[in-house]
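In case you want the letters, here they are:
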Amino acid sequence: MFDSTEITIVSGLPRSGTSLMMQMLDRGGIPALTDEIRTADTDNPQGYFEYERVKQTRDDPSWLDHADGKVVKMVSSLLYDLPTTHSCRVLFMRRDIDEILDSQEKMLTRLGRPAARREDIKQAFSVHLDRLLQWLPTQEHLQVLQVSYNDLFVSPNEEIGKVTRFLDRELDLPAMVDVIDPGLYRNRSSDISV
Amino acid sequence: MAKVMLDNNLYDRAKQAAAKNGYSSVDELIATAVENEIKRIGEADAEKQVADQLRGLGYIE
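As they're listed, the protein sequences go chains E and V.
Each residue of the first sequence is one higher than the last, beginning at 1 in UniProt numbering.
Each residue of the second sequence is one higher than the last, beginning at 1 in UniProt numbering.
Hints in this document: simulated from the structure, not taken from any laboratory.
What you are looking at is a predicted structure, and each value in this text was computed from that prediction instead of being measured.
Check each hint, because a few of them may be wrong.
To be verified - Here are the simulated BS3-like cross-link-like pairs (lysine-lysine), alpha carbons at most 27 Å apart as the crow flies:
| # | chain 1 | residue 1 | chain 2 | residue 2 |
| --- | --- | --- | --- | --- |
| 1 | V | 20 | E | 122 |
| 2 | V | 20 | V | 39 |
| 3 | V | 3 | V | 48 |
| 4 | V | 48 | E | 106 |
| 5 | V | 3 | V | 20 |
| 6 | V | 48 | E | 122 |
| 7 | E | 162 | E | 106 |
| 8 | E | 106 | E | 122 |
| 9 | V | 3 | V | 15 |
| 10 | E | 55 | V | 48 |
| 11 | V | 15 | V | 39 |
| 12 | E | 162 | E | 70 |
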């Protein structure tokens, strides 16, 4: 049953659709906890929906005291830092790994930063996800639903239905569906059609 | 089969630990320990690579 003090976390690898899910939930009725320090750009035209303080969660988790009933975005590796004192429902975004890496490489190029060798970082992310997805179900303070970014574009109503059932909240479904803009689905694998 | 060298004291402790924890032999205990350590090192390397990538993308500090 919905608990108004519960915190919703949107997580996943960078470029797995976390900003899209943040926007969907915000429009659907769960206010996003953001500081808008990182503003919209070519990589995320609708904005990043980030909150800088999540990066310091291990040393200072006090921001969680102001996150009741809100949704906040955390990159996958930061989930380990969440204190057990707060219950969170985690929507973990999954996306084709080659699409993720295509998008990350473009973003790194735009930022003028070096990209790791594709096969090396692909293997590293695989180990990272295996370890994290084995750890998450063992954490009593975290409930987790994996959401496919790719499936959101194929069958949005079905996927949003899974999200609302998991969150156990009444949300504005048409508003959430409206956020899904196939034009923003770039770096698409050739074998996935929408 | 390759062989490894252990000093006698460590071998005796390994023998006791193997017997106490249900290993069929010291060889089995050592093989398990080596497998676990290789896995741990692989995970640590992977997490470091992931952290470098996330830092480069601006998602962690």
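Going through the hints against the structure:
Of the pairs offered as hints, the one joining residue 20 (chain V) and residue 122 (chain E) is violated, with about 41 Å between alpha carbons and a cut-off of 27 Å exceeded. Between residue 20 (chain V) and residue 39 (chain V) the CA atoms are separated by roughly 24 Å; this keeps the pair inside 27 Å, and the hint holds. A distance of roughly 32 Å separates the Cα atoms of residue 3 (chain V) and residue 48 (chain V); the hinted pair therefore is violated under the 27 Å criterion. At most 27 Å may separate the alpha-carbon atoms for a hinted pair to count; residue 48 (chain V) and residue 106 (chain E) meet this at roughly 21 Å.
Between the alpha carbons of residue 3 (chain V) and residue 20 (chain V) the distance comes to roughly 23 Å, so the proposed pair stays at or under 27 Å and holds. Restraint check for residue 48 (chain V) and residue 122 (chain E): satisfied, since their Cα atoms lie roughly 13 Å apart, inside the 27 Å limit. Taking the CA atoms of residue 162 (chain E) and residue 106 (chain E), the gap is near 31 Å; set against the 27 Å cutoff, the hint is violated. Distance restraint check for residue 106 (chain E) and residue 122 (chain E): the Cα-Cα separation of roughly 15 Å lies within the 27 Å cut-off, and the hinted pair is therefore satisfied.
Pair hint residue 3 (chain V) plus residue 15 (chain V) holds up; C-alpha atoms about 16 Å apart against a cutoff of 27 Å. Restraint check: the Cα-Cα separation between residue 55 (chain E) and residue 48 (chain V) comes to about 16 Å, which is no more than 27 Å; the hinted pair holds. Pair hint residue 15 (chain V) plus residue 39 (chain V) holds up; C-alpha atoms about 23 Å apart against a cutoff of 27 Å. For the hint pairing residue 162 (chain E) with residue 70 (chain E), the CA-to-CA distance comes to about 19 Å; that is within 27 Å, so the pair holds.
Hint compliance for this structure: hints 1, 3, 7 are broken, all remaining hints hold.
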